[in-house]
Amino acid sequence: MSNINISLPESMKAFIEEQVAQGGYGSVSEYLQELITQDQKRKMQEHIEELLIAGLESGEAIEVNDEWWQQKRTNLINHLHQEK
Numbered sequence: 001m002s003n004i005n006i007s008l009p010e011s012m013k014a015f016i017e018e019q020v021a022q023g024g025y026g027s028v029s030e031y032l033q034e035l036i037t038q039d040q041k042r043k044m045q046e047h048i049e050e051l052l053i054a055g056l057e058s059g060e061a062i063e064v065n066d067e068w069w070q071q072k073r074t075n076l077i078n079h080l081h082q083e084k
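Note that the UniProt record's numbering has the sequence shown beginning at 1, numbered continuously upward.
Worth double-checking, as some hints may not be accurate.
Said to hold, decoys possible - In silico lysine-lysine, DSS-like type, Cα no more than 27 Å apart, as pairs:
#1 K84 x K43
#2 K13 x K41
#3 K84 x K72
Said to hold, decoys possible - Computed beta-carbon distance windows for the label pairs:
#4 K84 x Y25: 57 to 65 Å
#5 I62 x I4: 26 to 34 Å
#6 I62 x F15: 31 to 39 Å
Everything labelled a hint here was simulated from the structure, so no lab data went into it. In this text, a Cβ means the ideal position worked out from N, Cα and C, and glycines have one as well.
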C-alpha cells in the first residue's frame, strides 16, 4: 500500500477520530478507505445511469428476442467467414 499525507483542520481530525471510534474502524486509514470506496461506487452508479439514459435516448427501441439473437449470430458467423 501507498501512503498519503493530508492536512486537516483540527475540527475535521476530531470528527474523523470520532467516526473511527463509533464506527468500529480499526484506524483512520480504514475509515478513509471506506469513504473512498463509497465514493467510487457512487461515481460508478452515476456513470451507469448516464449510459442507461444515453441508451434510452439513442433511438427507437427494438424487440430483442431469440430471432434477433439468431440473426446476430448468423451475421457474425458470415462476417468471420468473409475475413478468412
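Going down the list of hints, with the structure as the test:
no.	hint	result
1	K84 x K43	43 Å, violated
2	K13 x K41	24 Å, holds
3	K84 x K72	19 Å, holds
4	K84 x Y25: 57 to 65 Å	58 Å, holds
5	I62 x I4: 26 to 34 Å	48 Å, violated
6	I62 x F15: 31 to 39 Å	52 Å, violated
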